[in-house]
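Colleague: Chains as they are written, first to last, in the working numbering: chain U, 169 to 832; chain Y, 48 to 226; chain H, 126 to 287.
Hints in this document: simulated from the structure, not taken from any laboratory.
Every residue gets a Cβ at the ideal spot worked out from N, C-alpha and C, and that includes glycine.
Some hints could be false.
Not the full set, but computed from the structure, chain H residues with beta-carbon under 10 angstroms of chain Y [to be verified]:
{"id": "1", "residue": "Thr147"}
{"id": "2", "residue": "Leu183"}
{"id": "3", "residue": "Glu185"}
{"id": "4", "residue": "Gly187"}
{"id": "5", "residue": "Leu213"}
{"id": "6", "residue": "Gly223"}
{"id": "7", "residue": "Asp227"}
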Amino acid sequence: MIAEIGLYALVLALVVSLVQATLPLIGAARRIPEWVALAAWTAPAQLVFIAVAFGALTYAYVVSDFSLLNVAANSHSAKPMIYKVSGVWGNHEGSLVLWVLILALFGAAVAGFGSNLPVAFRARVLAVQAWIAVGFLAFILFTSNPFLRLDPPPADGRGLNPLLQDIGLALHPPFLYLGYVGFSITFSFAIAALIEGKVDAAWARWVRPWTLAAWSFLTLGIALGSWWAYYELGWGGWWYWDPVENSSFMPWLVGTALLHSAVVVEKRDALKTWTVLLAIITFAFSLLGTFLVRSGVLTSVHAFATDPARGIFILGLIVVYVGGALFLYAARAQALAGGGLFAPISREGALVLNNLLLTTAAATVLLGTLYPLFVDLFELGKISVGPPYFNATFVPLMIPMLVALGIGPMLAWKRGDLGGALARLTAAFAAAAAVALATLALAWGTGAVLAALAMALAAWLVVGALSELAERTRLFRAGAGESWRRLKGLPRSALGMTLAHLGVGILVAGMTGSLAWTAEDIRVMRPGERVAVADYDLELLGVREGVMGPNYRATRAGFAVSRAGAPVAVLEPEKRFYLVEERPTTEAAILTTWRGDLYAVIGDPDGKGGWVVRLYYKPMILWIWAGAALMALAGALSLSDRRLRVGAPTRARRRRGAEAPARA
Amino acid sequence: MRVALVLPAALFGVLALAFAAFMILGRDPRLLPSTMIDQPVPAFTLPALRTGEPGLASADLNAGAGVKLVNFFASWCVPCRVEQPVLMRFAREGGAPIFGINYKDKPEDAIKWLKELGDPFARVAADRDGRAAIDWGVYGIPETFVIDPAGRIRYRHAGPITQDVLERNLMPVIKEAAK
Amino acid sequence: MTRKRRRLTLALLALSALAVATALVLNAFQDSIVFFRSPSDVVERKVPAASRFRLGGLVEEGSVRRLDGEATTGGRRSAAVAFRVTDLKHSVEVRFTGILPDLFREGQGVVAEGRLGGDGVFEATEVLAKHDETYMPPEVADALKRAGRWQEEGPKSQGGGK
Chain U
169 MIAEIGLYAL VLALVVSLVQ ATLPLIGAAR RIPEWVALAA WTAPAQLVFI AVAFGALTYA
229 YVVSDFSLLN VAANSHSAKP MIYKVSGVWG NHEGSLVLWV LILALFGAAV AGFGSNLPVA
289 FRARVLAVQA WIAVGFLAFI LFTSNPFLRL DPPPADGRGL NPLLQDIGLA LHPPFLYLGY
349 VGFSITFSFA IAALIEGKVD AAWARWVRPW TLAAWSFLTL GIALGSWWAY YELGWGGWWY
409 WDPVENSSFM PWLVGTALLH SAVVVEKRDA LKTWTVLLAI ITFAFSLLGT FLVRSGVLTS
469 VHAFATDPAR GIFILGLIVV YVGGALFLYA ARAQALAGGG LFAPISREGA LVLNNLLLTT
529 AAATVLLGTL YPLFVDLFEL GKISVGPPYF NATFVPLMIP MLVALGIGPM LAWKRGDLGG
589 ALARLTAAFA AAAAVALATL ALAWGTGAVL AALAMALAAW LVVGALSELA ERTRLFRAGA
649 GESWRRLKGL PRSALGMTLA HLGVGILVAG MTGSLAWTAE DIRVMRPGER VAVADYDLEL
709 LGVREGVMGP NYRATRAGFA VSRAGAPVAV LEPEKRFYLV EERPTTEAAI LTTWRGDLYA
769 VIGDPDGKGG WVVRLYYKPM ILWIWAGAAL MALAGALSLS DRRLRVGAPT RARRRRGAEA
829 PARA
Chain Y
48 MRVALVLPAA LFGVLALAFA AFMILGRDPR LLPSTMIDQP VPAFTLPALR TGEPGLASAD
108 LNAGAGVKLV NFFASWCVPC RVEQPVLMRF AREGGAPIFG INYKDKPEDA IKWLKELGDP
168 FARVAADRDG RAAIDWGVYG IPETFVIDPA GRIRYRHAGP ITQDVLERNL MPVIKEAAK
Chain H
126 MTRKRRRLTL ALLALSALAV ATALVLNAFQ DSIVFFRSPS DVVERKVPAA SRFRLGGLVE
186 EGSVRRLDGE ATTGGRRSAA VAFRVTDLKH SVEVRFTGIL PDLFREGQGV VAEGRLGGDG
246 VFEATEVLAK HDETYMPPEV ADALKRAGRW QEEGPKSQGG GK
């Protein structure tokens, strides 16, 4: 009965979306206030209906209602409760319901918090949003109904892929979708602006919080996914340039560009057509990600069970939304052109460079991801494009970008003074040089030069961001009290920018450290034997078989870890066998410190009393996630800026405000 | 400048066309053994699921008049539950004999499963290591093949047989194959 | 700076970014693309000697064995393992040092990446087995198909490229 209510709620949501997609749009064009006002009611209604459907599905998972095909295929009564719940979105159908739930959540948020938007504009935004909802609700109802019944129901379910029974992965999709789907709002704002033919500083200011929120969530989602891959797959890597990873990374790259170009629109009324295009492309990449993961076009560790009919349907949706949007763009964007002039060396110039490099990088990632498909399509053989390609294309594009990242915030709008900016970065130069020399001195060896350059870049970013903060607070130049007052007075969006850039520096340091100085040992060990990895000593104490977990049986090894003779920890890696799914998994044991991670994996027995073990030492790897978390946090901080919160100024007042000397 | 505005739409169009081509020309393995259509059944020999019963080999499918169905199933396969009642009805109404091939399953689980849901099969063979499934080009479970009296494969359905699939897709082929 | 000159500067900047990216991509395509090969390709078609490629097929039944678990160098026992990858027509010996993936099993699909050694043994640096009961890596399916195991009408145009 509950499931039928869920299905019915989805149908109602579709009907409401259809209303929201049409009447407010017509109302806005023909000036029928009642129709325009409708959107403010339909958006929350849509949220309520989809929430009911999502709740019904979750309930079926929680009580293990195996008369639902979806539950029987993806859950099991012996599964821990948290994974019963996360099982809801651990499959194609359920994850789509989560997708539309988040879509409706953002739509209702625009309806609720958007009281500062002109009524007609808000109606148009919500109508575009509803078009997206209509497509995806229809997709669920016609190809991927999660509420299908099974008769007779099985006694128990099939279980969930054990790799997915993990807290990191339980949280990864919701954050990823909050990011992906969040960009739909930016998209809707762009389309509404194209319909009205007007993009100005006020528009940029309205779009900014949504873009920031989506970007922060996406950053967090990608970081969580990478963290999961690191500790769960047991290979010690954190990024594989896997097609599915790439399809979440491409919207991030373009979304980051969008975040920066929107600032130019806001402050200088320039780059308007470009920003609108970026808003469209960012969401296009989000949709492309959805398509690639679900269509069977790509196969990867993460891919859902696939169905060509679904692929065609999503492709159709992409063609309608993105094709339609780009068509509208081609027809209407001309009206948006114009805006403030600026010299190449200026804040705007730096942001243009940032945008060019980010979008070019996204294009190379796209090419690398799709190239195997095209080669296959033209029957030129089966190929795979792996990390070497991405290292050879993506990394060289990021280097100038990171160098410029240090300088950009020091430049003034309109016409910057490169010499002056560089002079203020003396400390960053010095730090970069010192770090490079120290790296060369301490860790001479193969690849040391590259590692030293990368570490120097990290130092440049970190000290550059700090110098920028010092500059703003007049640290060392004014008294401590004065600096503190200035720091407190800084707009949170400015602080957010500095922190995010600091996060990038930390991220780069973590990547470099973990790649350049990884120590690895693979061997067969018998209990009682010792091995040294980096400056740790490990003794294999023993291997216990048949250790029982809630829904698995494990082989567990014990390593006594000591450093310089002093015991540090006991690491217990496991090889698990999940009883319901009949699948083995590897559970690495990790000793995490700020210096680096010690990572132990146990493999198969050699039949002679020994076990294959793999041990890694990954210096500074924690910094990667710390950096990413800092970036997401910075996004949230920036979001809490007073100017962006409820009641951001209306268009008329903003006009005057935009002329004021801008900081950001 | 106007060209620059149209450029994104044009690029997207090319990309979308390429994807469409990919989806339609499809190198999806499930669509691939269309070349198996009208080919004789692959050579295989499998033991019976239940000891003491006759097993299944290609000769059984070549011999004898009438259309036959071959159905790959497993007790762990959830969609198989969807099609089992349909297959039961089909068998009761005497549509055509169905030969079941139990794929990568524990025999005791499969036997219990057939007891619980009913056994529509004329014979049930066990493909424990999944080798026969490779010979048949099976991609996923369940999968069903229609074999004509001459022992050639006439149709293949990947995924569960619902009443709708049976009536719309399978029945016309079965009638056609019987000629 | 006039509007026109700004536009020109932007266009030049964009073009140069594009040019750099194209150069990088072409360069990367030169030497970091990895082709899939089947055991039959290796045995019959003579895959270019030093090239890195992915070998796809089934792990031959009974072929997996540990290599010299006793041979110790400096107290270290090697974790080397050997197995054969087959497309049911030809098979190729593979050597790998490390932990085999969780789903690596005899008779199941596998993809190994590495180079062919002078002795005709494939030295794998990476072994992938990303499948479960209902999933076969498409590359493996393709290899089996081309070996004629899926009743296709013989090998199609294959390989191609460099």
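Colleague: What hint numbers does the structure not satisfy?
Modeller: 1, 3, 4, 6, 7
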